[in-house]
Amino acid sequence: QKEVEQNSGPLSVPEGAIASLNCTYSDRVSQSFFWYRQYSGKSPELIMSIYSNGDKEDGRFTAQLNKASQYVSLLIRDSQPSDSATYLCAVNRGGADGLTFGKGTHLIIQP
Amino acid sequence: DGGITQSPKYLFRKEGQNVTLSCEQNLNHDAMYWYRQDPGQGLRLIYYSQIVNDFQKGDIAEGYSVSREKKESFPLTVTSAQKNPTAFYLCASTHSNQPQHFGDGTRLSIL
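Which chain is which? The protein sequence lines are H and S, in order. Counting in the working numbering, the first sequence runs from 57 upward without gaps. Counting in the working numbering, the second sequence runs from -9 upward without gaps.
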């Protein structure tokens, strides 16, 4: 059974601080890892993808992957109220198979 | 503009009725996917197709059917056998090992 686990939150972070979101996965053969942002009532929007161990930075976002620990995280620097959303972690075994999603972490940025 | 178009945005189903959700993409993507999202939950894979005239069951295929007669189109039928169809349905597509991108979704409710 493929599983992706996330803390559902809500995670409350002051504006301007760093928000740290975590995700663990059970399938060791997983090869691709994604973070999607979903606003209430909207569809998920891809914000980061990571395929190899280490850090990947894109603007205010940094994704971190540790395959040995089966752990992937997302850091959001200089958090803004517009970052308030649910963040979904998704994992893929490779190829064109479907993604396995966590239930999401609800992030609230307090002005 | 290139993208994924889902229709309708809202759909209501009567008892014993089959309904079909449309998903069209003009991105020339080979692979297409259907997911279901329940309130406060992550996305769960219903069906996916990697090539025209071929598709595979996902984790929760019971009560659903699909077809892939054209590369651009991947309609999902919610049959009367699906006893709990109320959910947010999301279609996605991708090319090769690229991340999946989603349409705007269809919200299905029971009358």
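No wet-lab data here; the hints were simulated from the structure. None of the values given here were measured: they were computed from a predicted structure. Ideal placement from N, C-alpha and C gives every residue a C-beta, glycine not left out. Careful, some of the hints might be misleading.
[Claimed, not checked] Simulated DEER-style distance windows between Cβ atoms:
id : chain 1 : residue 1 : chain 2 : residue 2 : range
1  : S       : Gln7      : H       : Arg116    : 43 to 53 angstroms
2  : H       : Pro70     : S       : Gly6      : 15 to 25 angstroms
3  : H       : Asn78     : S       : Tyr0      : 31 to 41 angstroms
4  : H       : Asn109    : S       : Lys4      : 30 to 40 angstroms
5  : H       : Gln166    : S       : Gly30     : 40 to 50 angstroms
6  : S       : Gly53     : H       : Glu61     : 34 to 44 angstroms
7  : S       : Ser12     : H       : Gly72     : 39 to 49 angstroms
8  : S       : Asp94     : H       : Ser64     : 45 to 55 angstroms
9  : H       : Gln87     : S       : Phe2      : 36 to 46 angstroms
10 : S       : Ser99     : H       : Ala124    : 21 to 31 angstroms
11 : H       : Ser76     : S       : Gly30     : 42 to 52 angstroms
12 : S       : Ser86     : H       : Asn109    : 50 to 60 angstroms
Comparing the hints with the structure gives:
At about 46 angstroms, the beta-carbon gap between Gln7(S) and Arg116(H) stays in the expected band of 43 to 53 angstroms. Range check, Pro70(H) to Gly6(S): Cβ separation about 52 angstroms, and the 15 to 25 angstroms hint is violated. Evaluation of the 31 to 41 angstroms hint for Asn78(H) and Tyr0(S) yields a pass: the beta carbon distance comes to about 35 angstroms. Hint check: Asn109(H) to Lys4(S), Cβ distance near 52 angstroms, so the stated range 30 to 40 angstroms is violated.
The supplied range of 40 to 50 angstroms is broken by Gln166(H) and Gly30(S), whose beta-carbon atoms lie about 21 angstroms from each other. For Gly53(S) and Glu61(H), the hinted distance range of 34 to 44 angstroms is not satisfied, since their beta carbons lie about 27 angstroms from each other. In this structure the supplied range 39 to 49 angstroms holds for Ser12(S) paired with Gly72(H), their Cβ-Cβ distance being about 43 angstroms. Distance hint check: the CB atoms of Asp94(S) and Ser64(H) are about 24 angstroms apart, inconsistent with the given range 45 to 55 angstroms.
Checked against the given bound of 36 to 46 angstroms, the beta carbons of Gln87(H) and Phe2(S), roughly 40 angstroms apart, stay inside it. Range check, Ser99(S) to Ala124(H): Cβ separation about 45 angstroms, and the 21 to 31 angstroms hint is violated. Restraint check, Ser76(H) to Gly30(S): a C-beta distance of roughly 21 angstroms breaks the suggested window 42 to 52 angstroms. Taken as a hint, the range 50 to 60 angstroms is violated for the pair Ser86(S) and Asn109(H), whose Cβ atoms sit roughly 22 angstroms apart.
Comparing the model with each numbered hint stated earlier shows that hints 2, 4, 5, 6, 8, 10, 11, 12 do not hold.
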